[in-house]
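Peer 1: Residue numbers (my numbering): 10 to 353.
It is worth saying that the hints were derived from the structure and are not from the lab. Do not take every clue at face value.
[Stated by the list, open to error] Have a look at the derived ranges for each label pair, beta carbon to beta carbon:
no., residue 1, residue 2, range
1, E313, Q134, 29 to 39 angstroms
2, T47, S280, 54 to 64 angstroms
3, N281, S346, 16 to 26 angstroms
4, T11, S280, 28 to 38 angstroms
5, K151, M86, 23 to 33 angstroms
6, L40, G171, 29 to 39 angstroms
7, P311, N36, 39 to 49 angstroms
8, E313, V22, 31 to 41 angstroms
9, P27, A94, 32 to 42 angstroms
10, T120, K151, 27 to 37 angstroms
For every residue, glycine included, the Cβ atom is placed at its ideal position computed from N, Cα and C.
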Amino acid sequence: MTKAIYLYLPIDVNFRNPNYQIPTIENQKDLLCAGLNTSASVPPPTTPTNAPRRTHMMDDDEKKVLSAIHDGWMDVMSFSHNVAAQNKRGRGDNDDDAIHLGELSCTKFVTADSPSINYLCLASQILPHAIIRSVGDVKNNKVNIIEYELEYVQITNVSLSGGAGGKPVENLNINAKIIKTKYIDMDILSSEFQVSQVYKWDNINKTGSKTVHSTKGEPTKTLLEYAKKTLMVNLSSHDPSMVALIKELGLVTDYDLPEVKPSSYKIKVLSNSAPLVYKVIQVDSFDKKSIVSAIAEKFNIPLETIESIYSQEDHCEIEADQSFNSVVPTHILFRTSDGKFYGY
Numbered sequence: 010m011t012k013a014i015y016l017y018l019p020i021d022v023n024f025r026n027p028n029y030q031i032p033t034i035e036n037q038k039d040l041l042c043a044g045l046n047t048s049a050s051v052p053p054p055t056t057p058t059n060a061p062r063r064t065h066m067m068d069d070d071e072k073k074v075l076s077a078i079h080d081g082w083m084d085v086m087s088f089s090h091n092v093a094a095q096n097k098r099g100r101g102d103n104d105d106d107a108i109h110l111g112e113l114s115c116t117k118f119v120t121a122d123s124p125s126i127n128y129l130c131l132a133s134q135i136l137p138h139a140i141i142r143s144v145g146d147v148k149n150n151k152v153n154i155i156e157y158e159l160e161y162v163q164i165t166n167v168s169l170s171g172g173a174g175g176k177p178v179e180n181l182n183i184n185a186k187i188i189k190t191k192y193i194d195m196d197i198l199s200s201e202f203q204v205s206q207v208y209k210w211d212n213i214n215k216t217g218s219k220t221v222h223s224t225k226g227e228p229t230k231t232l233l234e235y236a237k238k239t240l241m242v243n244l245s246s247h248d249p250s251m252v253a254l255i256k257e258l259g260l261v262t263d264y265d266l267p268e269v270k271p272s273s274y275k276i277k278v279l280s281n282s283a284p285l286v287y288k289v290i291q292v293d294s295f296d297k298k299s300i301v302s303a304i305a306e307k308f309n310i311p312l313e314t315i316e317s318i319y320s321q322e323d324h325c326e327i328e329a330d331q332s333f334n335s336v337v338p339t340h341i342l343f344r345t346s347d348g349k350f351y352g353y
């Protein structure tokens with residue numbers, strides 16, 4: 010049974026501080042287990058036989074521990090999420106609509122965070138990450154954790170309802186470009202993950218990976234050797250060694266399809282901010298030199314007048330030595346030598 014659900018949004022947090030740590034379950038497991046283990050070891054108070062029995066004495070202690078650990082998080086009453094996909098066969102290479110990574114919807118009471126949440130929505134600001142965590146009851150020194158770790162996050166909708174005699178409630182829609190979903194059973198005595206199933210999906214590049222799920226009593230030698238290298242499997246990989254491993258594990262049956270790699274890539278570059286207008290450039294590789302050259306040619310401006318380029322996904326400058334093998338910017342804006350952003 011779910012004991013509590015929490016939402017973490019880094020609002021007014023200096024996440025560029027070198028001491029800042031994203032509060033994922035991997036980073037907080039020792040703290041969480043220490044707190045839950047302490048609350049579970051406290052004996053219930055002795056009460057007279059005719060006194061009303063409190064069946065949730067331990068639950069109260071655990072809730073206090075969870076609230077302390079999740080200080081700065083938001084209490085969530087319920088959440089929902091969905092993914093969907095159409096059959097890929099026969100569709101064009103650019104038909105990204107066939108893959109749908111749904112928004113996460115959270116329902117919570119209106120709190121002091123609510124004005125900031127509304128502002129983030131209206132300003133279309135992008136947060137680098139967010140976390141939704143569901144914590145289950147502690148049974149036999151085990152606790153179940155379901156966690157959604159999100160990257161490039163935007164609040165797309167905030168709706169509120171209220172009335173006399175009750176607390177106002179708001180519903181948030183959260184969009185993420187990258188999602189990592191975790192299902193974990195954790196031993197609170199050892200802080201070890203007894204079950205850890207994870208999948209990650211990059212909706213920018215339309216690719217992902219997942220942990221290997223084995224229903225056998227013991228892992229095979231192949232699985233053990235594989236686990237030493239990585240815990241995630243890219244089921245869309247065409248690397249020969251990965252294909253051989255996937256086939257050996259019996260995870261898939263259809264991995265002999267020809268690999269199709271695009272010969273060039275398209276990026277939208279901001280041309281005008283009001284109204285919003287983009288020009289499309291085409292590059293052979295995702296590096297700063299190629300992108301700047303394509304922008305200069307498309308906008309018919311001298312190459313040396315382009316001072317810097319920025320990804321609109323995370324609002325960060327694209328450095329000269331940065332590669333884009335993992336996160337490909339689909340929307341770019343650039344600043345000229347006069348210090349102004351083009352289009353503004």
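Peer 1: The structure should be examined with respect to each hint, and the outcome stated for every one.
Peer 2: Against the structure, the hints:
{"no.": "1", "hint": "E313 - Q134: 29 to 39 angstroms", "verdict": "32 angstroms, holds"}
{"no.": "2", "hint": "T47 - S280: 54 to 64 angstroms", "verdict": "59 angstroms, holds"}
{"no.": "3", "hint": "N281 - S346: 16 to 26 angstroms", "verdict": "19 angstroms, holds"}
{"no.": "4", "hint": "T11 - S280: 28 to 38 angstroms", "verdict": "48 angstroms, violated"}
{"no.": "5", "hint": "K151 - M86: 23 to 33 angstroms", "verdict": "25 angstroms, holds"}
{"no.": "6", "hint": "L40 - G171: 29 to 39 angstroms", "verdict": "35 angstroms, holds"}
{"no.": "7", "hint": "P311 - N36: 39 to 49 angstroms", "verdict": "47 angstroms, holds"}
{"no.": "8", "hint": "E313 - V22: 31 to 41 angstroms", "verdict": "38 angstroms, holds"}
{"no.": "9", "hint": "P27 - A94: 32 to 42 angstroms", "verdict": "39 angstroms, holds"}
{"no.": "10", "hint": "T120 - K151: 27 to 37 angstroms", "verdict": "31 angstroms, holds"}
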